[in-house]
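*Asks:* Okay, here's what each chain looks like letter by letter:
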Amino acid sequence: MTPLANAENAGNAPAAAGPGNGATSAETGVANPWDNLRTVGSPDQWRDAGPEDRIAGVQPTMVLEPINEVELATALRYADSAGLSVIPRGSGSKLGWGNPPTRADLVLSTTRLNRVIEHAWADLTVSVEAGCTIGTLQDTLAQHGQRIAIDPLWPEHATVGGLLSTNDSGTLRIRYGGLRDLIIGATIALPDGTLASSGGKVVKNVAGYDLPKLVTGALGTLGVITRAVFRLHPLPHQVRSLTFVARDAADANRLMLAIQDSKLAHTGLQVRFNSGAQPEVDIRFDGTDQGLAAQTETLRKLAAPATETHSNDDVWYARQHLFGAARPNRSEPWSAGSLLSSEVRLSRTKEDARPTASTPGDTPEDSSPAAIAKFSVLLGSIASTCQQLRNLAEPLNVHWSAVAQGTGLGWIRLGPANADAIQQLLQRLRSQLEPAGGSLVVQYRSPEIPEIEAWGNPGDALPLMLSVKQQFDARNTLNPGRFVGGI
Amino acid sequence: MDPHILQKLRAITGDRGLITSPEQLKTYECDGLTNFRVLPDAVLLPSTTEQVQGIVRVCYEAGIPFVARGSGTGLSGGALPVKDGVVISTARMNRILEVDLPNARMVVEPGVINLEVTERVAANGFFYAPDPSSQSVCSIGGNVAENAGGAHCLKYGFTTTHVLGLEVVLPDGSLAHLGARALDAPGYDLAGVFVGSEGTLGIATKITLRIVKRPECIHTCLAAFGSTIEAGAAVSEIIGAGMLPAAIEMMDNLAIQAAEAAVHANYPNCGGLLLVELDGPTAEVEALMQQVDTICRKCGAAEIRVAQTDAERALVWKGRKAAFAAVGRISPNYIVQDGVIPRTALPRLMSEIERLGVEAGIRVANVFHAGDGNLHPLVLYDRRIEGQEHAAEVLANRILELCIEAGGSITGEHGVGEEKKMMMSKMFAEPDLDTMQRVRCAFDPKLLANPTKVFPRPRLCGEQPGEYHPHPLELAGVAERF
Numbered sequence: 001m002t003p004l005a006n007a008e009n010a011g012n013a014p015a016a017a018g019p020g021n022g023a024t025s026a027e028t029g030v031a032n033p034w035d036n037l038r039t040v041g042s043p044d045q046w047r048d049a050g051p052e053d054r055i056a057g058v059q060p061t062m063v064l065e066p067i068n069e070v071e072l073a074t075a076l077r078y079a080d081s082a083g084l085s086v087i088p089r090g091s092g093s094k095l096g097w098g099n100p101p102t103r104a105d106l107v108l109s110t111t112r113l114n115r116v117i118e119h120a121w122a123d124l125t126v127s128v129e130a131g132c133t134i135g136t137l138q139d140t141l142a143q144h145g146q147r148i149a150i151d152p153l154w155p156e157h158a159t160v161g162g163l164l165s166t167n168d169s170g171t172l173r174i175r176y177g178g179l180r181d182l183i184i185g186a187t188i189a190l191p192d193g194t195l196a197s198s199g200g201k202v203v204k205n206v207a208g209y210d211l212p213k214l215v216t217g218a219l220g221t222l223g224v225i226t227r228a229v230f231r232l233h234p235l236p237h238q239v240r241s242l243t244f245v246a247r248d249a250a251d252a253n254r255l256m257l258a259i260q261d262s263k264l265a266h267t268g269l270q271v272r273f274n275s276g277a278q279p280e281v282d283i284r285f286d287g288t289d290q291g292l293a294a295q296t297e298t299l300r301k302l303a304a305p306a307t308e309t310h311s312n313d314d315v316w317y318a319r320q321h322l323f324g325a326a327r328p329n330r331s332e333p334w335s336a337g338s339l340l341s342s343e344v345r346l347s348r349t350k351e352d353a354r355p356t357a358s359t360p361g362d363t364p365e366d367s368s369p370a371a372i373a374k375f376s377v378l379l380g381s382i383a384s385t386c387q388q389l390r391n392l393a394e395p396l397n398v399h400w401s402a403v404a405q406g407t408g409l410g411w412i413r414l415g416p417a418n419a420d421a422i423q424q425l426l427q428r429l430r431s432q433l434e435p436a437g438g439s440l441v442v443q444y445r446s447p448e449i450p451e452i453e454a455w456g457n458p459g460d461a462l463p464l465m466l467s468v469k470q471q472f473d474a475r476n477t478l479n480p481g482r483f484v485g486g487i
Numbered sequence: 001m002d003p004h005i006l007q008k009l010r011a012i013t014g015d016r017g018l019i020t021s022p023e024q025l026k027t028y029e030c031d032g033l034t035n036f037r038v039l040p041d042a043v044l045l046p047s048t049t050e051q052v053q054g055i056v057r058v059c060y061e062a063g064i065p066f067v068a069r070g071s072g073t074g075l076s077g078g079a080l081p082v083k084d085g086v087v088i089s090t091a092r093m094n095r096i097l098e099v100d101l102p103n104a105r106m107v108v109e110p111g112v113i114n115l116e117v118t119e120r121v122a123a124n125g126f127f128y129a130p131d132p133s134s135q136s137v138c139s140i141g142g143n144v145a146e147n148a149g150g151a152h153c154l155k156y157g158f159t160t161t162h163v164l165g166l167e168v169v170l171p172d173g174s175l176a177h178l179g180a181r182a183l184d185a186p187g188y189d190l191a192g193v194f195v196g197s198e199g200t201l202g203i204a205t206k207i208t209l210r211i212v213k214r215p216e217c218i219h220t221c222l223a224a225f226g227s228t229i230e231a232g233a234a235v236s237e238i239i240g241a242g243m244l245p246a247a248i249e250m251m252d253n254l255a256i257q258a259a260e261a262a263v264h265a266n267y268p269n270c271g272g273l274l275l276v277e278l279d280g281p282t283a284e285v286e287a288l289m290q291q292v293d294t295i296c297r298k299c300g301a302a303e304i305r306v307a308q309t310d311a312e313r314a315l316v317w318k319g320r321k322a323a324f325a326a327v328g329r330i331s332p333n334y335i336v337q338d339g340v341i342p343r344t345a346l347p348r349l350m351s352e353i354e355r356l357g358v359e360a361g362i363r364v365a366n367v368f369h370a371g372d373g374n375l376h377p378l379v380l381y382d383r384r385i386e387g388q389e390h391a392a393e394v395l396a397n398r399i400l401e402l403c404i405e406a407g408g409s410i411t412g413e414h415g416v417g418e419e420k421k422m423m424m425s426k427m428f429a430e431p432d433l434d435t436m437q438r439v440r441c442a443f444d445p446k447l448l449a450n451p452t453k454v455f456p457r458p459r460l461c462g463e464q465p466g467e468y469h470p471h472p473l474e475l476a477g478v479a480e481r482f
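Same order as they appear, the protein sequences are chains A and B.
Sequential numbering of the first sequence, starting at 1, is according to my numbering.
Sequential numbering of the second sequence, starting at 1, is according to my numbering.
These aren't lab readings, by the way, just hints derived from the structure by calculation.
Among the hints, a few may not be true.
Quick list of in silico lysine-lysine cross-link-like pairs, PhoX-like style, CA-CA up to 25 Å [to be verified]:
hint, chain 1, residue 1, chain 2, residue 2
1, A, Lys263, B, Lys446
2, B, Lys155, B, Lys318
3, B, Lys155, A, Lys263
4, B, Lys8, B, Lys446
5, B, Lys213, A, Lys301
Here chain A stands alone, though its shape is the one from the complex (with noise of 0.2 Å):
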């Protein structure tokens, strides 16, 4: 295949061979959707798309890899004139989550736009394109002893983009927030290739709509996020991590809300829960020295009948761990999707683990079905749903390990089991928690799961949703059918 150089001279020219069938413009004498698309770039930008390219199951055609933002604007507009869908995708470490697309034509990743465009530290604010992985920005960050407060899953591998679109922050929001209250800036690309920027490169800033709050978490489905600006946090001085044993999920709760109610500055607050082990509470203090003593004794005399138990940093991978080998493989070259999507069995790596201490469940094994999903309530239901998860996962036979934060966001994972069990058990777990205003949202399901919608019900707010997609991307040419309501 030979991608024309000339985007102008494209409809006239000889057209590139349309992918997989190698039929010409010229022999059909119908125009090939991909001919104008095929001129973006160069022919090394482009490649056919493999087994590992399939989101959610759903092959792919062809993968671009755009080395600009105007490239990237521009290929994303010749797709949507051409009726061909579009998959926006970083590392490809979070492929899988959403629901599987109804039509996937290109991949267009956002690997090659992987630049720190500046890092303004005097004034803690980083602008960054969307390619660039975590992992990279924060060794960049902590050059000036700062870094975004985030701590999200597989960090070596995902992207600002793919983290923006997914909202995955992890235990530090609970002090810092979440990726909507730290993000100050974004660059966007509409399927109509308009490059649109909002917010800006300054903290405090109520200049227009808030756009770059609106496409985190959007799964991709109204623009293509090519940069964003973020505001910074220094780096912490001490970190200190302890764990406390409480009774049962009540007690862990109640430790919980305690701590939530102290005057500690906390800024790591979670529950381990593992079926059959007693529930573990993890709290992180930052600080100086004199700060970290002064807490720590606070927190002890606060969890005072809970056994504290040995403790160390790495119990904040307990999210990461849940996931199990449902991640990158740090032993192999990352190839994108080849372990998220759904089609890829988990898979016994424990070498490749992070140490913990008593992480919550076994990895499965390779023949197991197992899904993970997140779920939202407020703190005070933690203990509640943890007793929900269990009354319906015993007579399922269904076993499970949970991990929930302070912020009332939770994390679990069922399987080994049954397949048709755990199908069951989300949905159950979802129609308990969504009347009294919490979520399930199921961000890993393995193939032999039967499909069950991934985000549950979004509320009267869904017209509105479909309308705001309607105005961005009208021919439904981003993520379509991945998000919520059939977005």
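Mind docking chain B on chain A? Use the hints.
*Replies:* Chain B alone, transformed into the frame defined by chain A:
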């Protein structure tokens, strides 16, 4: 106004909830930005969500523009009525509906006053973090519309950080729930978009707020410097040392004089006054306060005072929060400006503002949230002196341009409203503004909710952005598009 429509509106709110007499309407002809005035056709004072829905439906069917209004303290003309439109005041929707301490949530109606939220839970050791200077009178609904800030948002974030869920009456009268009491409700973060949309996307009728536990210890210190430049250097050092104070405020000599005259805050008389507040666990705060002291002395502070008691701290803050109004004591007229710059541009901007002031023969008092680079230059003038008002306006605008050139923003917390809509096209390119308009069209396809605000030229929904076509009047040289 069409009597049939008035009758429909009266049927919804009753006589008590409808104002039509010109004398009474005068109260609503402007907000805190008094140089823009428009008399509305009617003012409605609904008491319930259903009444708001009813009113908005009538407006929707008849194509009448409406402007929502809280306490009317806004400083950018956001609540300025629109010609031939109605004002919907949320003043009577002022109940605190729910307090959930374990989960640190409150549900309030839009007319609840900002400070009342804190007062309600103060005894339980909680507070509501966004604290605009007008907090004793401004409403939560207005705070939501403007994404209000305040001195403590450096550490705690803005209104948008603290609004988790909204019940909203959309511009067609339908009801939608955006966000939720629990985090990360599935779907687009429309609550995040709604907050700060300045009344252009609908009217919030119930607001779920996050409240925050009061820290163990709060220390506030005042450091007196010879100039704002020196004080600015201290700010950079404090941030550079890895601290995140609860607030860092700066006042220049004119502002200090004004505050002293108004509330006798007992500020040291100096060229640049820094107010630094640290909060958190006692041991931590004490250790860091030592560092702040050292840094300030190194940067040339002649005097450093620590507020020892709650009463002393309250007085320190009273002076700061009264500063805008206090300037009235030293100047008959003044413009309150609100711009943001990257903090590092502070010394440069301060000298530039001073130079421009001298050139124009106009005094500028400076009060600002130094930690996040949010400037509030107060441009002082005397309307009675011919040409001075104009010169002051030119200077105020020039300061905003400087903010944009420095990579900042035309507003950090007061909003765009009526006042700065023309500046929007200096800060954003046409495609940026068009993209924002898409959001507006999704919420308000008939463009009835506060239609003339925020954007320099509201694009009609369905109108394709594209090649620029000058208006015939522009071609004729009669009008100019900014």
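*Asks:* Give a verdict on every hint.
*Replies:* Now for the hints, and whether the structure bears them out:
In summary, the hint linking Lys263 (chain A) to Lys446 (chain B) is not supported, as the alpha carbons are separated by about 49 Å, beyond the 25 Å threshold. With a C-alpha separation of about 20 Å, the suggested pair Lys155 (chain B) and Lys318 (chain B) falls inside the 25 Å cut-off, and the hint holds. Pair hint Lys155 (chain B) plus Lys263 (chain A) holds up; C-alpha atoms about 16 Å apart against a cutoff of 25 Å. A threshold of 25 Å between alpha carbons decides the hint, and for Lys8 (chain B) with Lys446 (chain B) the separation of about 20 Å falls inside it, so the pair holds.
About 19 Å separates the Cα atoms of Lys213 (chain B) and Lys301 (chain A), which keeps this hinted pair within 25 Å; it holds.
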